[in-house]
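Colleague: Sequence:
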Amino acid sequence: MMKMNFLTIDKVNKIIELAKLVYGSKTPQSISDIKLTDSNTQAKELIEFLIERQTLNTPINTLSEYINNLSSEETAEAIALMVLGRRDSERQPSDFLELVKEAQGVERHYLVEKSLLAKYLHSGLEKLNLH
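With the working numbering applied, the sequence shown covers 16 to 146.
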């Protein structure tokens, strides 16, 4: 059984939880997600959107901050776990250490940008029998 040397399962589960808040929420993720109706509604939604984006306590900021606080070793393992968990990945659990090496130096935002991050990490844990 492969194991992670730096990233704990609790931290992976926290990332999964935060990613679900970000990508499973009904909050608009971009300005183009706001539905345009009459001008008053449009203005109100735009103001709410802009205020939300200035607030540091939004789900996306919380996820970003959590991932940014991971060590470089933990980040590499999280990226490797995500790649392993992707459905289109032909990588096997025995490839995990190689995936970790390949993930070294990859920017942390790579994790945050994945809308299916929670699913990928969960699948990666399952492949490693760590769920």
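Since the hints were derived computationally from the structure, they do not count as laboratory data. Keep in mind that a hint or two might mislead.
[Said to hold, decoys possible] Within a straight-line C-alpha distance of at most 16 Å, the following computed EDC-like cross-link-like pairs (lysine to aspartate or glutamate) qualify:
1. K142 to E88
2. K116 to E88
3. K35 to D103
[As the list claims (entries may be wrong)] Distance ranges between label pairs, derived from CB positions:
4. E88 to I62: 40 to 50 Å
5. N72 to V121: 20 to 30 Å
6. D103 to N83: 40 to 50 Å
7. I24 to R123: 29 to 39 Å
8. N144 to R102: 10 to 20 Å
9. N144 to K35: 37 to 47 Å
10. N144 to E117: 20 to 30 Å
11. E80 to K59: 45 to 55 Å
12. T77 to S109: 47 to 57 Å
13. T73 to M17: 48 to 58 Å
14. L36 to E113: 44 to 54 Å
15. A58 to E88: 41 to 51 Å
16. K116 to G39: 10 to 20 Å
Glycine residues also receive a C-beta, built at the ideal position from the N, C-alpha and C atoms.
Colleague: When the hints from earlier in the document are held up against this structure, which numbers fail?
Modeller: 1, 3, 6, 7, 9, 11, 12, 13, 14 and 16
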